[in-house]
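Chemist: Here's the letter readout for the chains.
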Amino acid sequence: MSAQFWLIQTLNAVAMGGLLFLLAAGFSLIFGLMRVPNLAHGGFFMLGAYLGATALDENLPFWLAALAAALGVGLLGAVLERALLRRLAGNEQGQVLATLGVAFIIADLCLMTWGGNPLSLSPPAWLMRAIAIGGFFFPAYRLAVLVLAVLLAVLLVALMEKTRLGAMIRAGVDDREMAEGVGIPVSRLFTTIFFLGAALAGLGGVIGGPILSAYPGLDTDMLPLALIVVILGGIGSIGGAFVGSMIIGFIYNFGIALFPNFAYVILFLPMIAALLIKPEGLFGRVPQ
Amino acid sequence: MGSDAPAALAVEAIDVFYGESHVVQHVSFALRPRSLLALLGLNGAGKTTSLHTVMGFLIPRRGRIMLFGEPIAGLPPAAIARRGIGLVPQGRRIFPSLTVAENLAVAAHGAATKAWSAERVFVTFPRLAERRRQYAGLLSGGEQQMLAIGRALVGNPRVLLLDEPSEGLAPQIVAEVARAVAAMKSEGLAIVLVEQNVRLALSLADDVVLLNAGRLAASGPAAAIAADPALIDRHLGVF
Ligand SMILES: Nc1ncnc2c1ncn2[C@@H]1O[C@H](COP(=O)(O)OP(=O)(O)O)[C@@H](O)[C@H]1O
Ligand SMILES: [Mg+2]
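Line order of the protein sequences matches chains A and B.
Take the first sequence: its letter number 231 is residue 231 in our numbering, and every next letter is one higher.
Take the second sequence: its letter number 23 is residue 23 in our numbering, and every next letter is one higher.
These aren't lab readings, by the way, just hints derived from the structure by calculation.
Positions of the beta carbon are idealized from the N, C-alpha and C atoms, including for glycine.
Incorrect hints may have been included.
What the hints assert, rightly or not - If we take Cβ atoms under 10 Å as the criterion, some of the chain A residues that face chain B in the derived model are:
#1 Glu177
#2 Gly181
#3 Gly239
Claimed, not checked - Label-pair ranges, simulated between beta-carbon atoms:
#4 Thr220/A / Ala79/B: 40 to 46 Å
#5 Arg127/B / Phe268/A: 25 to 31 Å
#6 Tyr264/A / Ala170/B: 54 to 60 Å
#7 Thr192/A / Val123/B: 31 to 37 Å
#8 Ala273/A / Ala129/B: 42 to 48 Å
#9 Thr220/A / Gln196/B: 54 to 60 Å
#10 Ser28/B / Thr192/A: 36 to 42 Å
#11 Arg82/A / Arg127/B: 38 to 44 Å
#12 Ala170/B / Trp63/A: 58 to 64 Å
#13 Leu269/A / Pro76/B: 15 to 21 Å
#14 Pro6/B / Asn91/A: 38 to 44 Å
#15 Arg82/A / Ala170/B: 45 to 51 Å
#16 Gly137/B / Arg164/A: 16 to 22 Å
#17 Glu20/B / Ile211/A: 55 to 61 Å
Stated by the list, open to error - For the chain B half of the interface with chain A, some residues (derived, Cβ under 8 Å), not all of them:
#18 Phe68
#19 Pro71
#20 Arg82
#21 Arg93
#22 Ser97
#23 Ala105
#24 Ala107
#25 Arg151
Can you build the whole structure from these sequences, using the hints too?
Modeler: Next up, the structure:
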């Protein structure tokens with residue numbers, strides 16, 4: 001195969017990895033910090049894509065559409081956490097079922113509101129071009145996705161590792177009861193985390209829109225990817241989510257390109273390997 | 001008590017359950033301001049449960065808990081902490097994935113204006129200062145105990161609850177912890193001390209409360225309790 005094939009596929013893979021990170025970061029935060037396996041996360045992503053499509057239809061600039069969708073989905077996440085998941089604290093089975101129910105509701109409401117036809121989202125005009133890399137042309141938008149993912153990864157790691165807020169959240173994860181015992185308002189922090197995680201998914205939906213578009217089933221296409229990334233990278237680790245996203249981005253891209261019939265199977269192999277060899281994931285912490 | 005000033009902490013006839021098991025039965029005690037009360041009893045007597053109830057981790061089914069005359073039972077733990085109760089829990093329970101400095105930072109309240117800041121903790125426990133950027137999970141047991149005490153202090157509590165601070169520590173470290181406890185008391189903090197080390201507890205205490213199988217067995221001035229070996233023997237085993 002040509003050098004061009006490898007180069008283009010590599011760029012596609014890292015761009016896909018960037019997109020997966022936007023999807024998985026929020027899932028990892030919520031799962032890692034609150035132990036809530038949020039099965040509505042794919043729905044959050046899809047809802048973000050649809051909200052973004054509508055905002056773009058209203059001629060909002062792309063960045064504003066992305067921000068609005070992130071805020072909207074983030075608020076939905078915060079409300080769900082307060083109204084529903086909080087009441088199920090400690091009841092993981094209940095939470096799984098509740099978030100699954102929410103996922104169905106989101107899917108149905110999206111279908112009712114936006115219909116069954118895929119909606120495409122146009123990238124911002126200044127990114128609708130190709131950039132020459134090593135003599136080949138590559139869509140500028142995909143590179144922008146990667147840059148955004150890297151920026152967000154750095155920001156999230158800084159938030160979690162370098163700020164007092166991040167330390168409080170980690171304290172709540174280490175020992176929730178004791179964190180409350182030193183005056184940390186853990187439940188408010190967890191609502192914040194849910195907002196943030198959902199907002200990231202909504203943002204991911206819009207950012208992914210020009211590549212994936214918005215369509216019924218986008219949610220169930222994305223949710224397994226989020227699961228695979230997070231299990232591979234390690235639950236609750238932003239750095240792990242980033243590395244996991246890149247690995248899965250590569251496997252997905254090259255899998256589809258080289259073994260189109262087995263792409264989906266290949267996708268699950270690293271997850272299974274991780275579960276067998278290092279169940280806490282590449283960067284996961286062993287629970288205390 | 002002999003005065004109208006409210007107790008720093010008054011536990012009034014609390015009943016605490018784990019499910020159906022009635023672990024603390026109708027227990028009352030009062031901690032005078034600026035004093036140290038030793039809460040003693042054998043393993044399983046209900047000491048930790050009592051402290052956890054004061055902290056708000058557990059809610060008493062009956063009874064009241066008053067902090068300087070204000071009821072606190074039923075408030076969430078974070079609110080109780082911010083009203084001025086600090087807990088140094090059994091087993092230390094420092095936050096292992098936070099650095100030493102972060103452990104103090106997340107627990108600090110009013111540190112800018114009040115007596116205890118992270119800096120003061122570092123002066124009090126120089127070993128912590130040397131390790132301020134290390135993850136707390138990597139500290140030795142003694143260092144973790146100092147951190148747990150410092151973490152409670154930077155909340156600038158009015159009442160400090162210490163649950164077996166000498167547990168599992170070398171004698172030298174126990175002495176250091178004891179000195180720190182005495183110093184906090186002389187600064188005017190009101191302290192409830194739970195200890196298996198009865199001799200240590202009696203040497204620091206003004207008052208003693210003995211729990212036996214979840215019930216109040218005896219209480220009184222430390223000197224009177226210390227002078228009654230039969231009583232101690234009955235409720236604490238061999239002195
Ligand atoms: N989480 C719990 N669930 C059920 N029973 C408990 C729990 N924690 C403690 N107990 C029981 O409550 C009693 C009092 O325990 P605890 O307050 O820890 O005693 P102490 O601190 O005096 O050793 C013991 O019989 C213990 O087995
Ligand atoms: Mg105990």
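Chemist: Quick check: does the Cβ-Cβ distance between Thr220/A and Gln196/B fall within 54 to 60 Å?
Modeler: 56 Å, holds
Chemist: Does the beta carbon distance between Leu269/A and Pro76/B stay inside 15 to 21 Å, or does it fall outside?
Modeler: Once the Cβ atoms are compared, 46 Å apart, the range 15 to 21 Å for Pro76/B and Leu269/A is violated.
Chemist: Please check whether Tyr264/A and Ala170/B have a Cβ separation lying inside 54 to 60 Å.
Modeler: 58 Å, holds
Chemist: Using Cβ atoms only, decide whether Phe68/B comes closer than 8 Å to chain A, and label the hint accordingly.
Modeler: Not OK, violated: Phe68/B not within 8 Å of chain A, min 17 Å.
Chemist: Let's test the interface hint: is any C-beta of chain A closer than 8 Å to that of Ala105/B?
Modeler: 5 Å, holds
Chemist: Could you tell me whether the CB distance from Thr192/A to Val123/B stays inside 31 to 37 Å?
Modeler: 34 Å, holds
Chemist: When the nearest CB of chain A is found for Ser97/B, is that gap smaller than 8 Å?
Modeler: 5 Å, holds
Chemist: Within 55 to 61 Å or not, the Cβ separation of Glu20/B and Ile211/A?
Modeler: The hint (55 to 61 Å, Cβ to Cβ) holds, given that Glu20/B and Ile211/A are roughly 57 Å apart.
Chemist: Is 45 to 51 Å a correct range for the gap between the Cβ atoms of Arg82/A and Ala170/B?
Modeler: 48 Å, holds
Chemist: Less than 10 Å between beta-carbons is the criterion; does Gly181/A satisfy it with respect to chain B?
Modeler: 5 Å, holds
Chemist: Under the criterion of a CB-CB separation shorter than 10 Å, is Gly239/A in contact with chain B as hinted?
Modeler: 14 Å, violated
Chemist: Answer holds if the nearest beta-carbon of chain A is closer than 8 Å to that of Arg93/B; otherwise answer violated.
Modeler: 5 Å, holds
The structure is inconsistent with the numbered hints 3, 5, 13, 18 and 19, although it conforms to all the rest.
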